[in-house]
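Undergrad: Okay, here's what each chain looks like letter by letter:
4 protein chains.
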Amino acid sequence: MADAKIPYSLNSKKVAEATTNLLHERGVTMQEIAELVMVLQKKYYPNLTMEECVENVEAVLSKREVQNAVLTGIQLDMLAEEGKLLSPLQDMLANDEGLYGVDEILAFSIVNVYGSIGFTNYGYIDKLKPGVLERLNDKADGNIHTFLDDIVGAVAAAASSRIAHRKQEERELETTGTTEEDNNL
Amino acid sequence: MADAKIPYSLNSKKVAEATTNLLHERGVTMQEIAELVMVLQKKYYPNLTMEECVENVEAVLSKREVQNAVLTGIQLDMLAEEGKLLSPLQDMLANDEGLYGVDEILAFSIVNVYGSIGFTNYGYIDKLKPGVLERLNDKADGNIHTFLDDIVGAVAAAASSRIAHRKQEERELETTGTTEEDNNL
Amino acid sequence: MADAKIPYSLNSKKVAEATTNLLHERGVTMQEIAELVMVLQKKYYPNLTMEECVENVEAVLSKREVQNAVLTGIQLDMLAEEGKLLSPLQDMLANDEGLYGVDEILAFSIVNVYGSIGFTNYGYIDKLKPGVLERLNDKADGNIHTFLDDIVGAVAAAASSRIAHRKQEERELETTGTTEEDNNL
Amino acid sequence: MADAKIPYSLNSKKVAEATTNLLHERGVTMQEIAELVMVLQKKYYPNLTMEECVENVEAVLSKREVQNAVLTGIQLDMLAEEGKLLSPLQDMLANDEGLYGVDEILAFSIVNVYGSIGFTNYGYIDKLKPGVLERLNDKADGNIHTFLDDIVGAVAAAASSRIAHRKQEERELETTGTTEEDNNL
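Residue numbers (my numbering), protein chains in the order written: chain D, 1057 to 1241; chain U, 1057 to 1241; chain P, 1057 to 1241; chain V, 1057 to 1241.
Heads up, a few of these hints could be off.
Any copy, or any two copies together, can satisfy a pair, since identical chains are not distinguished.
Claimed, not checked - When the alpha-carbon atoms are kept at most 30 angstroms apart in a straight line, the in silico DSS-like pairs for lysine-lysine are as follows:
#1 LYS1098 x LYS1185
#2 LYS1140 x LYS1099
#3 LYS1069 x LYS1099
#4 LYS1098 x LYS1140
#5 LYS1183 x LYS1140
#6 LYS1183 x LYS1098
#7 LYS1223 x LYS1099
#8 LYS1195 x LYS1069
#9 LYS1098 x LYS1223
#10 LYS1223 x LYS1185
#11 LYS1223 x LYS1195
#12 LYS1070 x LYS1098
#13 LYS1183 x LYS1099
If you are wondering where the hints come from, they were derived from the structure by calculation, not from laboratory data.
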């Protein structure tokens, strides 16, 4: 095969693009994830705009660790939909088995990107399932989103943590003129 | 010093006793944690009794990993109450600073004892703060429970995970006569 | 389909059996994992026997959380071997890409089953790659074990943590006649 | 008290300064942590300079999550040295008890800042204890560094992960002219 001759070399741009494309193909828009962020954060920041929410969701999705989790989780959902996994993994994924926790594990690797302060937001939204999360959990349409619903909630929770850091930075900048370094966020 | 002559040797019983005693001293009863478990689980298991909830809370608290987190977290709360921590850690703990996440980190080491399926329950209860969690969060009384409220929520979430495993075991025992091994729970 | 009429019901025994079978199919024996445990622990417990090591490996593998991670990881390895994953996930797994960390994330959910004290053992053995780990990392044979090598190391690290808890229990039993509860281990 | 009238407001600069100062007071220099990074990475990047290692250590230490863990861990070490913790926590910290894992838990919150790919490096260095880690583990001098040795190893592991991301970025920039976004690192 011709391909075999090209030595492997990670292409970060392709990883990033595949992440956005797969979310889109599975029916999730940036806008919908941003709406989850708004649900979580409007109480604390009444002036928060949808533009800011979208921007923070995109920043979360630009992280490699997040991309790896999204690509792996959606891939497993798709293979389960096609019935291509071995039993009993196939059955556990197809039925969103409560004692299967690998979806939560991947979700946590996403939340963790902005630290432990996002854990609570993730759990809260995953339980209440507002907006897009309700649709992803509706098993009636034959689609399998065992990983995707947790992933989307985790991206929203991570974006919320990022906003909390940013807003603190803005507050300190106003008061003291000093700031956290950009890479602190 | 006489003490210096006694070589150190871990006494597991003392660690377990100190855990129960410290929770009691800080005003948290087994009954109150069990009530949180009931809030989280009654929807799924309508026949769940308070006795079962208490029993599962006690099983969680018998784990070494949990005891380590409880002892460390409450110790930090107490030192913060006495004003004995260095600034700015003292201020962050005294004010339950939102960007300080070590309390969530300890809470997660507790939830993890029964696996990732408890993450959601922890986040949910930590956000809603029913029962004892509301009291622990009331800053009006001068007490500092920055770690304790997260710890108590985490113990309740871990106990809920343990119940989910046990109930599955009971169900399979009824249907098939076979069971998960005891140390699986 | 006849199958569609049978409502889904988790069969724990099948999950456990599939875990053992898949490890065997992928060429990993209990004995080999037990040898890794011996490498990690013989320094601390000179009288440790291979029988004890095997017994502790089996106890780790009887945990649901561990089974979920093993089944999911090996499934991804197998699909990568068959070239059935979407690009660029396919390429990252086929080449054990260094910036892909989902294998480590699953490994950590295994180590965590016996708590944080196993983190160090996991990292150490994953770096040195003694015994079976060296073979799993040999890319020359065309097999893909991107997940499996981390999983096997993690099972050995978790078994080591379990031994540390058990040995402490034995020590205290000899000295004081009291013991940690069985479910503490 | 006059202080009581000043409402609490997080000062990020003070948190960052306290982190650097405490490490310095406990006898750990940036240079020494950078040397650990060099031990971990020189094999992969033969041209890596000490300046780059120092720069990456500083970037890790500028993260809030890392600062929280460093401040909390060192505080506990200091209180244990002064004998101010309650028994049995005091004894477990003073003797670096093997079954006490909160030090590893804090270390992992540090490693996690640059993702799961750092887990292996942390475990490896924590086991081998080169350079400054050997000194921190020498109990002969009466100092207690139960948390600090794990923290220092974790900062070095996180800095190594950061370097892995940066080097990939440089490589892709050379080859393709495109790059990961800066906040991806």
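Undergrad: Run every hint past the structure and note whether it holds.
TA: Now the hints, each set against the structure:
1. LYS1098 x LYS1185: Both, since 17 angstroms and 19 angstroms are each at most 30 angstroms.
2. LYS1140 x LYS1099: This pair counts as neither: shortest intra-copy Cα distance 43 angstroms, inter-copy 34 angstroms.
3. LYS1069 x LYS1099: Answer is between: at 27 angstroms across copies they meet the 30 angstroms cutoff, but 36 angstroms inside does not.
4. LYS1098 x LYS1140: Neither: 42 angstroms inside a copy, 36 angstroms across copies.
5. LYS1183 x LYS1140: Within. Shortest intra-copy distance 29 angstroms satisfies the 30 angstroms Cα cut-off; inter-copy 33 angstroms does not.
6. LYS1183 x LYS1098: both (19 angstroms within a copy, 15 angstroms between copies)
7. LYS1223 x LYS1099: within (14 angstroms within a copy, 38 angstroms between copies)
8. LYS1195 x LYS1069: between (33 angstroms within a copy, 26 angstroms between copies)
9. LYS1098 x LYS1223: Classified as within: same-chain Cα gap 13 angstroms, cross-chain 38 angstroms, threshold 30 angstroms.
10. LYS1223 x LYS1185: Both, since 26 angstroms and 25 angstroms are each at most 30 angstroms.
11. LYS1223 x LYS1195: between (38 angstroms within a copy, 24 angstroms between copies)
12. LYS1070 x LYS1098: between (34 angstroms within a copy, 29 angstroms between copies)
13. LYS1183 x LYS1099: Both: 18 angstroms inside a copy, 13 angstroms across copies.
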